[in-house]
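Sequence lines, in order, name chains A and B.
All residue numbers for the first sequence refer to our numbering, where the first residue is 1 and numbers rise by one.
All residue numbers for the second sequence refer to our numbering, where the first residue is 1001 and numbers rise by one.
Because the hints were derived from the structure by calculation, they are not lab data.
One should not assume that every hint holds.
What the hints assert, rightly or not - Taking lysine-lysine and the DSS-like style, the derived pairs with C-alpha atoms no more than 27 angstroms apart in a straight line are:
hint	chain 1	residue 1	chain 2	residue 2
1	A	376	A	287
2	A	558	A	570
3	A	34	A	104
4	A	231	B	1147
5	A	104	B	1280
6	A	395	B	1329
7	A	489	A	206
8	A	206	A	9
9	A	9	B	1037
10	A	34	A	395
11	A	206	A	500
12	A	515	A	593
Quantities reported herein were computed from a predicted structural model and do not represent experimental measurements.
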Amino acid sequence: MDFEALGLKAGIEIHQQLDTAEKLFCRCPTTLRKTEEHTGELFRYLHATVSEMGEIDRAAAEEMMDRRQFHYLTYPTTCLVENDEEPPAPMNREALGIALQVAKTFSMHPVEQVHTMRKLVIDGSNTSGFQRTALVAMGGDLPNGGAVETICLEEEAAQRVEGDTFSLDRLGIPLVEITTSPCMYTPEDVQTTAEYIGMVLRSTGKVKRGLGTIRQDINVSIAAGARVEIKGVQELDLIAEVVRREAQRQTELLAIRDELRTRHASVGEETYDVTALFRETKSSILKKAKMIRAFVLPGFAGLVGREIQPGRRLGSEISDYVKKCGLGGIFHTDELPAYGVTAEEVARLREHLGVADEDAIILVSGSKEKTACGVKQARHRARLAFEGIPEETRKMLEEGSTAYMRPLPGAARMYPETDVFPVVITDAIWEEIQVPELLSDLARRFERDLDPAVARQVAYSESLPLFRAAIRAGIKPNLAARTILATLKELGRDGVAVEKVSNDDVLAVLLAVEKDTVAKEAIPEILTEIAAGTPMATVIESHAGGISDEELAAIARKVVADRIDFVTEKGMRALGPLMGLVMDEARGKVDGKKVSEVLRSEISRVI
Amino acid sequence: MSETFATGDLVAASCRGHPVEGTYITDRDGMAVIKLKSGYNIGVEMATCSRVKAAGAPAVPAAPAVTQDDTLPELAIISTGGTIASKIDYRTGAVTSQFTADDILRAIPGLSSLARYRSEVLATILSENMTPRIWQDLARAIHAAIKDGAEGVIVTHGTDTMAYSASAVSYMLDTPVPVVFVGSQRSADRPSSDNIMNGLCAAAAARSDLGEVAVAMHATTNDDACAIHRATRVRKMHTSRRDAFQSLDMAPLGSVAYPSLAVTLSDEAVRRRETEPVLKDRLEEHCGLLSFYPGMAPEMVRAYEGYKGLVVAGTGLGHVSTACIEALKDLVDAGTMVVMTSQCLNGRVCDRVYDTGRDLLAAGVIEGEDMLPEAALTKMMWVLGNETDPEKAGTMMTTDLKGEIRRRSDHGF
């Protein structure tokens, strides 16, 4: 695809959890829990409310179509604030400090008086029905010439466990939302920018790491298309693919629009109750439906089933809208016969409704009320096909295609959080904020001591703080990097419980090596024993020194004497093969270099 | 001097050198609060603001008409203010009471399918501003509504002092129909507000077979049921939870399931009856409530000199320090009625166990049985407002009038 010709434009919003001691508006720790550790459960309903400007937000209104009971799991590490049963505490200043640090790194302008807002979200992910969010700074620079528009400090939503059940451990963890201008023009550009912003965030050393701690929302449009927001892309590697697929979807939807216009297609206004036609059906879905409703899309045949993204059709888009009514989706004639619906049943349906081959039929099955809602939604989406691309919030599916979530929300969903007082950011506070060294600069600095690839790996690794502590303790960079990045990983792969080895343990072992108390060859073995629960002192002692230069020389002499024929025959080339034997004898207590020296001198003595 | 702005003006401003444009909202701590197009509010230096466009006439969306179904029973909604009828004041940022009863009907759409309503705004105050005068107005308004044919009455009220108001009304009014007080703990502007469920449950309770004054509020933290509490036995036991209201020393009178709104009443609940309501609205306001604490100076007690009555919330079985007894005796001798209750809230006062208790009785202090301190206070106001003979008044204080005293203590806590 020629993205320039398409007029591709994209911006991103990056949400990054902060690694603070407490949550943003309560004093709970920011610890994630296993759902089976929950100690309580509660359930609530949410109701759309009118905003400060007197409107109900369209996204909120749509979420209300199907009244849902939301369940929440509570933990000893959550409190009444997460339950929406206690007013919030003042804004966490540690979190604000981190947000300001990020802002300063992007050369942004901090807001003088920060106001916390409530952003209406009534999909159940917030017990209150809104997310607290505050604009902290504006107007920053990106290396690609684009701009960071805003940085907001927000509370994280509750994590969905399944269906309408949510876990309250994540609710309230502070996160920063960084929004760029629509300053990216290729899928790769979006990915590179996301990587850069992620790197800046990690440079603070105060962000959470691991899957789910950073999420990207991507805003994409093509010249003739419309702005679509794709929520929650967690894997960096997928960003470019998501953008490519959205450009494809918009292109295809525009092609469908043009085709519909050429065909003079329309959306049938009449709804038919066709329950009786499927009384004998083998389709398990239709069989258990209390009611089946149908309507006709004249001129749509072939287009409903046309692929617009890998695995997605116009029919899938219609289906997504219908799901808002609490239904599973739709059947349409472009995909039938299938799913247990026979060709005869389709023929009977076509005949009954008196439709031509160039027309498509949509079937909606379920309860009387839900099917009425479903038909309305399906018709609405079908009509939108004549306009092209609806402005939507979409969620990412596996592999990078997307599905409809809700309309793009407007500013009507924001109103002040009156329970939290505004926070003034004085010049003094702003001046005190330190800009962190960027990890990219750090990596370059590490290159003085390390191989460039290793330097970068260390700088970007979650173990950077451990590496830095090791260097501060006087450990050689190569030894520290090798142990922290490679040895621990290899041991873990071999089934050693490396998670039981603390940073302090690693430091103690490295120090013992540095002081020549133990040989560096012994590190894997020592760490393995520590992981198995042996006390550090015991492990170090059992591997400690013990072999004097004389003893080592004696071992080498014996090894050489036992294989004297081999040594005479091979000469100095016997060094390699014999190294291992001496090392075995020395039980990893001696540095390899030293063994090599002693062995070399023994061999040269006999040849 | 910098310009002055009106809410709704479009202004351009500078945020530490960064140009911004937004709608002027208000002045907060000397800074201009403006709403950006994204919906976010920020505070900027007033001096950097300049008007781009003056606010047009505020677009007030027309309130939808409240439709009433004439075939349904008639209920009265009497609004006094409080969180259930609150709205955010976006200028000050505070939550204030400014809804009318019609607004409540609009805010809780399901109400209109339960009954038809007449509504009256008696006050628009936060409940800490409630006074005995307003309790009297309230009792009169309820009485009038019942005389006028209301088959049940809903009183919307701030939760902080709702138990006082409910018990005060309970003494002033003999009612043949349910009089249900209701409030909410979370403000109406949030999607999670408990106002909808509490409002619907209160309406269901007001339609039910109940024939006394009650409080209907969330029974648990879940949106599953409201408890119906007796007015003289209920207390707000938590600052912020939805299920803050608890019946003390007795089970609730009943419950309303949600969302079915099915009402269940206990055997103890007084039932609806075919009589006229009786109003006795006199109250003696010069009554006080004093919570004793260790080390309390006798001067604290003497501060009530000249009062007609004083309820003491004593320790444990109903005690104050020996140091305060003399002062209490002086009050009694000077004609102040003194009634002892307990800070324990659960259980009965007994001043015959320890010496200080016996001294209190000797000083003329009346044992308040198992009355809650606040229910004893409102009762004292009513008793002293209606009975001038001190002996008879004292007997009334130890006699159950509206379920505030139970003759025997059952096992429940």
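Which hint numbers doesn't this structure obey?
3, 4, 5, 6 and 8
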